[in-house]
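A.B. asks: Heads up: the sequence shown runs through residues 7 to 146, numbered per my numbering.
In case anyone wonders, no lab produced these hints; they're calculated from the structure.
Think of the CB as a built atom: it goes at the ideal place given N, C-alpha and C, for glycine as much as any other residue.
There's no promise every hint is true.
[What the hints assert, rightly or not] Between beta-carbon pairs, the in silico distance windows are: (1) E141 to H42: 30 to 38 Å; (2) S125 to S77: 28 to 36 Å; (3) I47 to S125: 29 to 37 Å.
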Amino acid sequence: MKDQELILRFLAFYFNGKNYEKPMKEFLNKFSQKNHNAMMIFLLKHEKLFVSTIDVVFESLGKEAFRPTRSINAAVFDSVMVGLARRIEVDSDLDNYKVKKAYEELLADEKYLELISQSTSDEKNVSERFHMAIEKFRSM
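With these hints in hand, go ahead and build the complete structure from the sequences.
C.D. replies: This is the structure:
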């Protein structure tokens, strides 16, 4: 998966996740098309949010982030990034140990593991995995 697609997933779900409908590709394309003319301005405006979130991820989790197995899992990426970004909105001074612990607890949850590995573009599964990630990082 390309870096650009992961960034698009983050932005689309962060700003429009409540309106998600499958198929995933169409959801991402619609978000991209809607913001196409303003994409550079949009990206510059929200660059700090993305960068601060990804910084927390890599300071807390290192290069194994988003990899429940060997490769990056897009469902883990989008839900963890949005969950952490929502927390950063409220409190940007996060403890790396608490972030890592919350992440590990999320990946140890059988329900979350199911949501990131089966029918990952299903509306119900998308909604549930985002809810779980947002709540996990909110409560840390």
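A.B. asks: Can you tell me whether the CB distance of E141 to H42 sits inside 30 to 38 Å?
C.D. replies: Since E141 and H42 have Cβ atoms about 33 Å apart, the given range 30 to 38 Å holds.
A.B. asks: Quick one: are I47 and S125 within 29 to 37 Å, going by C-beta?
C.D. replies: The hint (29 to 37 Å, Cβ to Cβ) holds, given that I47 and S125 are roughly 35 Å apart.
A.B. asks: Determine whether the Cβ-Cβ distance between S125 and S77 falls within the hinted range of 28 to 36 Å.
C.D. replies: 19 Å, violated
When each numbered hint is compared with the structure, a violation occurs for hint 2 only.
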